[in-house]
Amino acid sequence: MSCDWPGRWCHVQKFIERTGPFAHPDFEPSSESLGFLQETCKLLIIGAGGLGCELLKDLALIGFKNIDIIDMDTIDVSNLNRQFLFRPKDVGRPKADVAADFINTRIPGANVTPHYAKIQDYDESFYRGFHIVVCGLDSIVARRWINGMLVSMLQYEDGELQQESLVPMVDGGTEGFKGNARVILPGMTACVECTLDLYPPQVNFPLCTIAHTPRLPEHCIEYVRILLWPKEHPFGEDVPIDGDEPKHIQWIMDKSLERANEFNISGITYRLTQGVVKRIIPAVASTNAVIAAACSTEVFKLATSCTVPLNNYMNFNDTEGIYTYTFEAERKEDCMACSKIPKSITFSESDKLQDIITYLQESAEYQMKSPGLTTNIKGKNKTLYMPTIKSIEEKTRENLKKTLSELEFVNGQELYVADPTTPMTLTFKLSLGSNME
Amino acid sequence: MIKLFSLKQQKKDGVDSDKSGSHKKSSAAQLRIQKDINELNLPKTCQVDFPDPDDLLNFKLVISPDEGFYRGGRFIFNFKVGQGYPHDAPKVKCETMVYHPNIDLEGNVCLNILREDWKPVLTVNSIVYGLQYLFLEPNPEDPLNKEAAEVLQNNRRLFEQNVAKSMRGGYIGSVCFDRCLK
Ligand SMILES: [Zn+2]
Numbered sequence: 000m001s002c003d004w005p006g007r008w009c010h011v012q013k014f015i016e017r018t019g020p021f022a023h024p025d026f027e028p029s030s031e032s033l034g035f036l037q038e039t040c041k042l043l044i045i046g047a048g049g050l051g052c053e054l055l056k057d058l059a060l061i062g063f064k065n066i067d068i069i070d071m072d073t074i075d076v077s078n079l080n081r082q083f084l085f086r087p088k089d090v091g092r093p094k095a096d097v098a099a100d101f102i103n104t105r106i107p108g109a110n111v112t113p114h115y116a117k118i119q120d121y122d123e124s125f126y127r128g129f130h131i132v133v134c135g136l137d138s139i140v141a142r143r144w145i146n147g148m149l150v151s152m153l154q155y156e157d158g159e160l161q162q163e164s165l166v167p168m169v170d171g172g173t174e175g176f177k178g179n180a181r182v183i184l185p186g187m188t189a190c191v192e193c194t195l196d197l198y199p200p201q202v203n204f205p206l207c208t209i210a211h212t213p214r215l216p217e218h219c220i221e222y223v224r225i226l227l228w229p230k231e232h233p234f235g236e237d238v239p240i241d242g243d244e245p246k247h248i249q250w251i252m253d254k255s256l257e258r259a260n261e262f263n264i265s266g267i268t269y270r271l272t273q274g275v276v277k278r279i280i281p282a283v284a285s286t287n288a289v290i291a292a293a294c295s296t297e298v299f300k301l302a303t304s305c306t307v308p309l310n311n312y313m314n315f316n317d318t319e320g321i322y323t324y325t326f327e328a329e330r331k332e333d334c335m336a337c338s339k340i341p342k343s344i345t346f347s348e349s350d351k352l353q354d355i356i357t358y359l360q361e362s363a364e365y366q367m368k369s370p371g372l373t374t375n376i377k378g379k380n381k382t383l384y385m386p387t388i389k390s391i392e393e394k395t396r397e398n399l400k401k402t403l404s405e406l407e408f409v410n411g412q413e414l415y416v417a418d419p420t421t422p423m424t425l426t427f428k429l430s431l432g433s434n435m436e
Numbered sequence: 000m001i002k003l004f005s006l007k008q009q010k011k012d013g014v015d016s017d018k019s020g021s022h023k024k025s026s027a028a029q030l031r032i033q034k035d036i037n038e039l040n041l042p043k044t045c046q047v048d049f050p051d052p053d054d055l056l057n058f059k060l061v062i063s064p065d066e067g068f069y070r071g072g073r074f075i076f077n078f079k080v081g082q083g084y085p086h087d088a089p090k091v092k093c094e095t096m097v098y099h100p101n102i103d104l105e106g107n108v109c110l111n112i113l114r115e116d117w118k119p120v121l122t123v124n125s126i127v128y129g130l131q132y133l134f135l136e137p138n139p140e141d142p143l144n145k146e147a148a149e150v151l152q153n154n155r156r157l158f159e160q161n162v163a164k165s166m167r168g169g170y171i172g173s174v175c176f177d178r179c180l181k
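Chains A and B, in that order, give the protein sequences.
Following numbering that gives the first Met the number 0, the numbering of the first sequence begins with 0 at its first residue and continues without gaps.
Following numbering that gives the first Met the number 0, the numbering of the second sequence begins with 0 at its first residue and continues without gaps.
Which stretches of chain A does chain B cover? Using the computed rule of at least three CB atoms under 8 Å from a CB of chain B, they are: (1) 194-201; (2) 205-216; (3) 363-373; (4) 382-396; (5) 415-422.
In case anyone wonders, no lab produced these hints; they're calculated from the structure.
Cβ atoms here follow ideal geometry from the backbone N, Cα and C, with glycine treated the same way.
Build out the structure end to end from the sequences listed, making use of the hints.
Following this line, the structure appears as structure tokens:
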């Protein structure tokens, strides 16, 4: 390409055009790899915040040209100290747009496409378009969502995972001086849901401490947030706390100060109040840089196979000195996401829901006891039948007599079945025939 | 280990896909709550009610204790399960005004597994049993309603009378309680 100058990629070429002692066993040095990395490979970066800015810069400089970046946030003044693709003039603009513009202008040949959107705004057909997804997120809910999406895209033939359907996920996370990087091969290695226990729980103080025996300034702020706000509705009935609304934070701070004085507690500031309300953990720019570098390296390894990828979870902590270790997070047999290989069942449109339930109870393979069934019709959850809960049973009983076409099932309909005989909710994919057999 | 990409592999361009489509599959939180609900094993003093059976994330629990201070009463709890479940605990509020050391007059409940001791292995069933236990053994050590806790600690007889009075619908001090007897 015209934007390349002599020797621009020679460092990258050294890794992919010759082999070495650390090379992946399957690695074949090739001059085509560079073309794949630059022209074919499509990456998605989720999050354009502290980690996202680093990831985008690193990956674009490695030579990945086709990068999409998605973020639902706009730029706040407080981001500027570490989210280095943004300038004061950008405040208020979408992070994804500004980050993409910056890199496209700064790095010759870069083709970054921004998406000012929530990840939930896009469906499977969007996510299928990428070779690798890289996450720089601060939300567990968002991580679990994308994890669930990538797992649900897996295709199986005779129970065998089809590798073309697999989109690896490289996930970075930071909290202050701590961080982690992990490589997830959905359906093959531990996924986000398998390791849910590894995510630190939200810090919640006992309610009675907050209510009666506060000792810390945080207890006073939590008192105002949890107990006083819903009682006094200072900004009107049904107005929830907006952590970015200075009037809200000011009110909470004033009331927290009153409470703190009552109990001789000091240390309430505006910053602390906002931090507690928004559950902010101070971001450290260098941690983001370390974790993003590790993640970008993994993306490079996955894309070129030049070296064995991280297996599969790296922890990093530089609170005192530097501490890091890597371990293999294990898959959970009853993982709600990746252990659910859809099982196929075949019924005809004129069969009734009761027929499916009878099958689940009587087939030698399942022998279920009291299956509860749900599905998704036109994007909405629908409870088909649940025998154990009286109020649901009464309201769903009539579904038993309905035919599958009356229930608006389509070919490929997914049925989710919970039963005491299985450790997690199973997914069934329905092949729907139109004639009786 | 596998080699993930052949060099020629070209991905379908998905960028022009419609933005309207929400995730058409059930979330992990959804699948987990379905499991919890299907396997609820309720004590005979409890029942759950789903105003919308298609929405397993929002429901009510009714506890009607058959022994202890609160025998004969009927207490409704509102459960809100978020997409963070089971990493985050469900949000539970008591909708019935109750004279109880661990439940304040706004319906906030002080139960450790709802906050500081929540773990993803716990289930809706664990919370139901926890709440039921609060009615059998109100705990004055962790008070949310301090006045009620003090009475329980110093004068069990008076506490018992106050509970009975509140459930019939009456004043305790300056607070008026709604009748909640079955
Ligand atoms: Zn998993």
